[in-house]
Amino acid sequence: MRQLFPRSSNALSRVSIVLLLGLLAGLGWVGAELSNSGYVTGEGVVLNQPVPFSHDHHTAGLGIDCRYCHTSVDRAASAGIPPIATCMNCHREIWTNADLLEPIRAAYRDGVAVKWQRVHDLPDFVYFNHSVHVANGIGCESCHGRVDQMPLMMQAEDLTMGWCLECHREPEKFVRPRDEVFTFGWEPPVPQSQMGPQLVEEYGIESLTACSVCHR
Amino acid sequence: MSRLKVLDNVEQPARQPGDRADANPLPPEGESVALENVSTGRRLTVDAVRDKLAAAEGPEMWRSLEELAETPEFEEMLHREFPRQASQWAGGEVSRRRFLQVMSASLALGGLTGCLQQPREEIIPYVDQPEGLVAGEPWYFATTHTLNGYGMGVLAESHEGRPTKIEGNPDHPASLGATDVFAQASVLDLYDPDRAQAVKKLGRVTTWTRLADELGGALNAQTALQGSGVRLLTGAVSSPTLRAQIDTMLQANPQAKWHVWEPAAADGAGAGTASALGSPRQAVYDLQAADAVLALDSDFLTTGAGAQAYARQFTARRRAWDGADKMAATGNGTEGAAGDDTANAANGSGAGNGADREMIRLYSVESTPTSTGTLADHRLTLPPSEVAAFASALAAELGAGGGAPARFSKPRAAKWVREVAADLRSRGSAALVVPGDYASAEVHELAARINQALGAVGTTVRYEEPVVAAAGEAAGSLDELVADLAAGAVDLLVIAGTNPVQTAPADLDFTAVIEKARLRVYHGLYEDETSRYCQWMVPAKHYLESWGDAVAFDGTASLVQPLISPLYDATKSEIELVAALAGTSGAKGYELVREHWQGQAGASIGATGDAFEDSWKQSLHDGVLRAAGSGAAAAPAAAVAASGGAAGGGAGDGAENATDAGVAAPTLGTAAAVARVQAANQEDDLQGAAADTAILEINLRPDPTIWDGRYANNAWLQEIPKPITKLVWDNALLISLATAERFGLASNDLVELAFKGRTLQVPVWVVPAHADGCGTLHLGYGRRHAGRVGDGVGFDASAIRTSDALWTLPAVEVRRMGGTYPLACTQDHHSMEGRHLVRTGSLADYQANPDFVHQMGHVPTLTMFPPYEYDGYSWGMAVDLNACTGCNACVIACQSENNIPVVGKEQVLNGREMHWIRLDRYYEGSLEEPKMHNQPVMCQHCELAPCEVVCPVAATVHSDEGTNDMVYNRCVGTRYCSNNCPYKVRRFNFFQYVDEKTEVLKAVRNPDVTVRNRGVMEKCSYCIQRVAKARIASKREQREIRDGEILSACQQACPSDAIAFGNINDPDSRVSRWKEQMLNYGLLEELNTRPRTSYLAKLNNPNERLAEPRAGELTA
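Line order of the protein sequences matches chains X and E. Numbering (the numbering used here) for the first sequence: 1 to 216. Numbering (the numbering used here) for the second sequence: 1 to 1116.
Next up, chain X with everything else stripped away, as it sits in the complex (with noise of 0.2 Å):
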């Protein structure tokens, strides 16, 4: 009886079954990678702003402290962005007919908002508060990282859930005090893994892990 099949064919159903497999698995991988990547999470992003606004030259250069702009950070859930006013409270006086800051000028002098492009941005069944973590010890940089040397705003971590349990499982290891927290490039002055601990007893911080710390 003539044999339907090649030789060949034993060899290429063995090799094709595990090129198969091996192309499964490469896409798993290729999917886990992607949705960890800064695609998807937004870390190391840069947007488009209507105003190239560096952070840089605003805290570094000329040292405003955070809250300047930022102003309910240590009061409520979100840390807020500046009204126009608040730009203007010096550009009234200072770079006053640049290109750059136009649309700030237009803005103000129409009463038109400014649309930024919003940089961290958590999913709206997650609801953050900025005052308590900014309360218990948590500094701007632990989670924004070292803005003061970013020319344009961008995200430094990814903000996965999973990302935001490792301090909520182990405070002890980000806690500072609560006069550092607005410190940018603050470094311990005895290691974490002994003054964490203490901070933690001393704020009173418990390891909020319940679902319902976040999501209501």
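Some hints here could point you the wrong way.
Result set (DSSO-like, lysine-lysine): computed pairs, CA atoms no more than 30 Å apart in a straight line [as the list claims (entries may be wrong)]:
id	chain 1	residue 1	chain 2	residue 2
1	E	LYS588	E	LYS1002
2	E	LYS257	E	LYS516
3	X	LYS115	E	LYS997
4	X	LYS173	E	LYS1035
5	E	LYS756	E	LYS410
6	X	LYS115	E	LYS1002
7	E	LYS516	E	LYS201
Just so you know, these hints were derived from the structure itself, not from any lab.
We have chain X; now place chain E onto it with these hints.
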């Protein structure tokens, strides 16, 4: 002018499917090969199609078919020739084929990109941020909600300049921190998409200026006549500013008249007290001073002015179990207001306000089951005519006039008269008789006389000057207006704040006479029934957008301040409209109110000149009009002078000039009425039970959820299950079991009511606790132009209402129509089935055996789960069944706070209502006179929760503070948790119930709570958003959460303070103290769920001499 026809809404007639008005015209000849054979006519026939197809061949044939298939003609032909049942989707004009095309395209195009990346958002700050405003943190402003003219102070929560939730104002005596259902739901009305938005003349949009001009012209023309052709019709008014404006208008036009029509006004009170006391008076009760109360057809604990305050007072005297925790009639605790200690005082550091006094006893004689009756120690049901006879007999027994006792249909009634009289007499000035708002004038008269005879006037009741200008006293009535209209005496008619075309009694035939007025202006929130009969429509401002004021039941005046700029620029408030009539058409509400209180009225609160600004700010802040620097509320409505300028009675000396001489026997022939009804019913008996027609007395009542119909377009209120009956989205004729059996009626049967030549068809609903021989029908339904939500819902009771029988129709023929109507009810099951769900006992039982509650149940102790140590906070809740009246304030507060959707009647018929709190109502005892019990059931947050162990995706887990957390983003909708829950408190979004499309409704949602999508389970969360807010605030301020700082929405709204919530790890917290009581038990605790919500058993205080016979338990 009178040729003006009835205005119909300027809308096109509804498009019907198959309407060919603008169907696709045929393409020009030759353009399309496939259709060239169809050029002869628009209609395809099967033969034509067959011919065409036969002529085509090969690929052309398919092209023909395809092209054919897209044309409406082909569809029509198909329908004609081959009618099919399910040819179309219910939803629209999409064929199955098209649907698949679209869906597959979407899947391919939309695909996975939606899963990967979050859509980019913009973040838009202010240009100039209002000072002090922090994005995301709400502000609270005090304002006043008005119903029936009476004001109730509320605090409105405002997120970024939009009000999202109404809460009570702890400083206002009519609220005490709580609200009723209407105030809670009023925030939804603000954002109602059906609201009138523009000034319209004859249906066409125009401007206010044009109206002002025309009004000015009309008024000028009237000057010579001194305004004799001018009429103003409003609802009940207590607002001092509005009264002042009306006075100004009347002074400028002395012959003009002001009429009041308030469909749900308590008319009997004025007439009755006038007979008894010499002038119309308003009764203000003090239940804290009462030991025994008789309610005559009265629902004083939930309905009517001051009900919330009375509920609080009543509960304080009802709590026999804890002398130290009497909730005095002060605030309900505030939401973490900094340093407000009055709240803590109210939290039970208990200056026992009556701590050493015994439990108040409540008797209720009623013809329709009321929430008040559910808390009564003794309840007797009688038809309304016999209630009047009862009052008469009681008065005779107590020497307060009245007639000879009539023959009652129930032998018990005579015994009641004796025993109740004896009890009341023994209490003397601590006794009280409360007549129902809608009882007849003679019942009010008798009640006033009885109170006088008992010596209660001045202690438990005060008779004060009426706060609200009601018809017949300060203003004319609707009858008089109709008479004037019929006589052609009216040239200018302005209607504001009332909807007479819908609500006027049918015998006045308002629609026939209204057009006799030459110029008609209507002011209202909606373009409703009355606006269609008026040339001008002026859109009204909602109270949350306007300036004004109002007076509460006890005379406390408070301001109405806006929370938001008017959503629609053209709207005007009532004050502004009437000011236009008074000559100042451009005045703003703000200026008008300020001017009023700066003037003479201001003097009455001691605020003139410089002191005024301070007083003004203080009053706005507190929500109660205050004299500068004083903590006391302004002197009561003495400031409100009727246009006759009566000096007004102040507080307290209500004892008045009561004379015992000359008490007349009540008129209106109650004995005759009773005899007539009984005779008629006996006749029916003689004719046999097969008689098709019955004669019943029918009670008309304002609906407990949509009142007189003004809230018919408020979906929250339409869906709130009515107290006792638990009906939604409809009204029905409520009758008792015996009445139903006698006339062969069952629930859902359609009957026709005939009264004085008018008829109305309604369905019947059997209510075991109803009185025999009578029925109850609620007003406010059957509206034709309420809006999308309210149109055509229910049955219009005003069709058989007459102006001489506003609240009780004496002899109505009820005829079976032979048909049924599906009524949606959220509780079909009435019995506790032998389980001890609501545990009750008498006070004597409790005193003899304090542990009797625990002996009713058994709590297992074995569990295979290891115990968990709650080191920090551990949240728990306790519900006091002694206090719950079943008023529904908690249900709707929860709906407002937690963005709970409305599902509509059809879904409720499927049992899919979404309310997180369910108010169960159980009957207990005999079938004829059952006791009623209310029990609010929400998620019990069980320690050993059956729902937590079965979720496949861990979407419902226990937090480390004890709450059962529902994580919406994890839920995949298996519904196993709901299956496992023994309390059935979980709600599933079977469809996309939340309206995500209507823009304006997005504003009412609470941003602190997730808005759930289709396919997600939800349930009570112990208001975890409020808990989190308090926890965060405490961390920020480095302190512990104080007891009373967290008020769950239900707790805050409850007028009778039935709910306590707090930290059970703190032995001093209120909830811990409640849970320590011997009366404390868990619902279904024998299932070993270890619920964190527990209940305090209901005690009653019966009169042994009135021991009721116990028949078998109610089954099914």
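Okay, the hints, checked on the actual structure:
1. Of the pairs offered as hints, the one joining E/LYS588 and E/LYS1002 holds, with about 29 Å between alpha carbons and a cut-off of 30 Å not exceeded.
2. Straight-line distance between C-alpha atoms of E/LYS257 and E/LYS516 comes to about 16 Å, which keeps the hinted pair within the 30 Å bound.
3. At roughly 23 Å between alpha-carbon atoms, X/LYS115 and E/LYS997 fall within 30 Å of each other, so this suggested pair holds.
4. Restraint check for X/LYS173 and E/LYS1035: the C-alpha separation of about 20 Å stays at or below 30 Å, so the hint holds.
5. For a cut-off of 30 Å, the pair hint linking E/LYS756 to E/LYS410 stands: about 28 Å separates their Cα positions.
6. Restraint check: the Cα-Cα separation between X/LYS115 and E/LYS1002 comes to about 21 Å, which is no more than 30 Å; the hinted pair holds.
7. A hinted pair counts as satisfied when its Cα atoms are at most 30 Å apart, and E/LYS516 with E/LYS201 qualifies at roughly 18 Å.
Checked against the numbered hints given earlier, this structure breaks none of them.
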